[in-house]
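Construct the complete structure from the given sequences, taking the supplied hints into account.
In order, the protein sequence lines correspond to chains A and B.
Each residue of the first sequence is one higher than the one before, counting from 1 in our numbering.
Each residue of the second sequence is one higher than the one before, counting from 1 in our numbering.
Hint data in this document are derived by calculation from the structure and do not stem from the laboratory.
Since no wrong hints were added, every one of them can be taken at face value.
Negatives, chain B to chain A, calculated, CB over 12 angstroms:
1) N156
2) C157
3) A238
With the Cβ distance kept under 8 angstroms, some of the chain A side facing chain B (calculated, not the full set):
4) G193
5) P194
6) I197
7) R198
8) L199
9) G200
10) L201
11) Y269
12) D313
13) V314
14) E315
15) F316
16) D317
17) R318
Just so you know, even glycine gets a beta-carbon here, dropped at the ideal spot from N, CA and C.
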Amino acid sequence: MLLIKNGRVLDPASKTDARLDVLIDKGRIAKLAAGISAADALVLDAANCVVAPGFIDLHCHLREPGQEVSETIESGAQSAARGGFTAICPMPNTQPVNDNASVTRSIMERAAAISPVRVWPIGAASKESKGEQLADIAAMQQAGAVAVSDDGRPVATARLLRQVMDYCGPLDLTVIDHCEDSSLAAGGVMREGPRSIRLGLKGMPAAAESICAGRDIEIAALTGARLHIAHLSTRGSLEHVRAAKRRGLAVTCEVTPHHFTLIDEDVQYDSRFKMNPPLASRDDRDALLEGLADGTVDAIATDHAPHHPASKDVEFDRAPFGITGFETAIAITLEQLVHANRISLMRMVELFTTGPARVLGLSQKTECKLAEGSAADITIFSTDRAWTYRATESPSRSRNTPFDGRNFRGGPVATIVAGKIVYQA
Amino acid sequence: MSHRFRHLLAIEPLTREQITFLLDQAKPFQEFQRYPLKKLATLRGKTVALAFFENSTRTRISFSTAASRLGADQMNLQAESSSLKKGESLSDTVLTLEAMKPDAIVIRHGSSGAAEFISHRVDVPVINAGDGTHEHPTQALLDALTIRDRSRSFDNCNITIIGDILHSRVARSNVHLLSKFGAHITLCGPAMWLPRELDSLAPGIRRVPRLEEALDGADVIMALRIQQERLHEPSLSADEYILRYQLTPSRVRLAKSNAIVLHPGPMIRGLEIDPVVADSLQSCILEQVTNGLAIRMAILFELIAGSAEPQEQAKDSPHAAH
Chain A
1 MLLIKNGRVL DPASKTDARL DVLIDKGRIA KLAAGISAAD ALVLDAANCV
51 VAPGFIDLHC HLREPGQEVS ETIESGAQSA ARGGFTAICP MPNTQPVNDN
101 ASVTRSIMER AAAISPVRVW PIGAASKESK GEQLADIAAM QQAGAVAVSD
151 DGRPVATARL LRQVMDYCGP LDLTVIDHCE DSSLAAGGVM REGPRSIRLG
201 LKGMPAAAES ICAGRDIEIA ALTGARLHIA HLSTRGSLEH VRAAKRRGLA
251 VTCEVTPHHF TLIDEDVQYD SRFKMNPPLA SRDDRDALLE GLADGTVDAI
301 ATDHAPHHPA SKDVEFDRAP FGITGFETAI AITLEQLVHA NRISLMRMVE
351 LFTTGPARVL GLSQKTECKL AEGSAADITI FSTDRAWTYR ATESPSRSRN
401 TPFDGRNFRG GPVATIVAGK IVYQA
Chain B
1 MSHRFRHLLA IEPLTREQIT FLLDQAKPFQ EFQRYPLKKL ATLRGKTVAL
51 AFFENSTRTR ISFSTAASRL GADQMNLQAE SSSLKKGESL SDTVLTLEAM
101 KPDAIVIRHG SSGAAEFISH RVDVPVINAG DGTHEHPTQA LLDALTIRDR
151 SRSFDNCNIT IIGDILHSRV ARSNVHLLSK FGAHITLCGP AMWLPRELDS
201 LAPGIRRVPR LEEALDGADV IMALRIQQER LHEPSLSADE YILRYQLTPS
251 RVRLAKSNAI VLHPGPMIRG LEIDPVVADS LQSCILEQVT NGLAIRMAIL
301 FELIAGSAEP QEQAKDSPHA AH
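See the structure below:
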């Protein structure tokens with residue numbers, strides 16, 4: 001038995017915000033009350049900490065199978081545990097692409113054997129994510145896939161997206177899209193704007209994202225299926241989502257911590273500032289902050305995208321896109337959103353728990369709540385502990401983060417999956 | 001010590017004083033180009049590494065000749081023969097070069113930021129001989145030397161730059177340099193090569209898509225090289241460019257009567273410039289080439305002889321040109 005004492009329990013599902021103890025037995029929450037005492041339980045003192053349902057990361061890359069030099073399911077999942085996540089959704093752009101049940105199954109089996117956190121793979125929408133033919137979607141779902149996406153690129157054509165969404169609707173699967181008009185963004189390595197002009201780096205205009213978001217939303221209206229826009233980064237896309245929600249469409253979106261923290265003006269000739277979508281303009285960033293506060297944004301997702309140091313330590317335009325993100329997500333969210341008084345702690349917890357669960361329609365898979373009888377997936381984090389992030393201490397195989405060396409106030413303290421402490425600071 | 005340079009990576013971070021200092025340092029080397037015996041012993045025993053990862057003839061020969069005339073030895077690395085083709089990273093290639101103990105590395109590379117990238121990885125001075133579509137600082141310095149020699153003061157000087165501004169490192173370096181001296185800069189070209197974000201590059205910039213308007217009242221006209229491959233983009237044919245942007249005698253007459261014409265080369269007669277203009281008395285195109293030698297000698301001298309100063313002084317430099 002495990003007893004979490006003295007924490008501030010924040011549970012968006014029941015709107016609980018109270019100083020309560022949590023007693024865990026056999027992987028489930030046995031009791032949730034003030035002043036619990038259990039003589040034979042291991043006690044975890046959560047004084048000055050928030051005790052929340054387990055955090056879900058909708059968007060990450062674990063690079064296994066195929067690019068294990070950058071990350072493995074094991075190293076990535078350990079990094080996720082360290083970041084306070086109890087469930088993570090790896091994107092299908094592995095080698096081979098997770099576009100059939102045998103790849104999905106191998107990921108599930110590997111995760112079951114080795115991962116400290118739950119791994120919910122996202123399957124490809126099309127074979128090899130090439131945008132030509134539908135992947136084996138139902139078979140992947142049976143093997144454990146929780147959504148489909150051709151992430152890394154958009155579902156290639158409106159016609160294919162329509163077919164995928166038509167097919168996924170009755171399967172109760174969300175289609176996640178990486179929104180980018182490939183012809184407009186072609187060759188770009190950062191957001192087009194004054195900074196790209198100054199640095200002489202080829203820019204991708206913000207419209208490349210919002211054009212595709214608009215296309216996708218029209219297909220969502222046409223099919224009625226659930227659409228989720230990955231790593232949304234521009235005001236234009238956000239306004240499309242806001243309008244879609246007003247129309248009552250099943251459209252959701254996520255934003256990454258780096259997109260609501262850094263902007264294109266921060267970009268240096270340093271590939272740790274290179275990701276796709278690229279860092280946006282200040283105005284776009286401000287729009288994301290508004291969307292996070294007003295409820296338009298449904299979830300915060302990391303887009304943890306590890307790349308081995310040798311592949312990133314090259315000229316900016318030759319470097320691959322992506323930065324790591326599990327371990328800094330909570331701290332950055334506290335810094336940018338909570339300490340800056342933009343959102344409440346309850347809203348923050350929602351963005352990492354019930355928000356992502358709703359995106360996936362996962363009510364049957366995760367209870368995502370702190371209640372007696374629920375699975376004991378719990379994230380405990382501090383809101384004021386001073387610490388410095390050191391990428392070299394990460395279990396991840398990669399170090400590509402612009403937040404290395406950043407000082408934070410608050411961060412992950414303990415991660416509990418099915419009643420077991422998988423990380424403790 | 002305010003003029004000391006560690007590297008020459010870009011014009012943007014330089015002060016007006018540093019630029020003036022380099023232009024002044026080039027003065028004696030301009031004289032020198034007229035000497036019958038063009039060999040100094042100033043850098044004898046020193047070695048300049050020329051790392052050209054992108055095809056270049058004139059800039060490479062200019063640096064090479066500048067180094068020779070200062071008495072320095074050279075190591076040459078060219079794209080065709082480089083290990084880059086064999087998959088070696090830029091970082092490893094440059095570290096290998098550094099292990100052969102050059103006293104400076106001159107780099108030309110197709111990626112913006114490549115010169116800065118290697119400057120963080122080696123201990124010798126790095127000179128940017130053109131990085132992607134970012135900067136080409138020695139070109140801007142030789143252009144400034146040429147403008148100054150024709151007794152133009154930069155202050156209130158009207159300078160019109162014509163061509164593919166968006167993709168031009170020459171334009172960027174020139175804009176940064178001339179703007180620091182209070183010049184009025186007019187950027188001119190087809191609108192898709194003239195994005196509004198250029199306005200934020202430096203103070204004193206205006207964008208004018210119509211050449212006739214852009215040339216009105218100009219003291220200095222700078223035509224950029226038109227890269228043929230850009231014209232192969234779906235947007236514009238060579239004929240269309242010639243129709244609207246070729247520097248012709250009648251268009252040059254719209255500028256001030258004593259206006260001068262510059263071109264960074266290589267120039268394609270009949271495309272961006274009419275041969276009559278290229279060969280006119282107003283044209284400074286060949287002076288630019290000679291001045292290129294002088295400015296590159298001044299920079300090699302400054303960076304290599306400067307770094308031979310006592311270490312404390314070199315390290316103390318608050319104006320290291322990063």
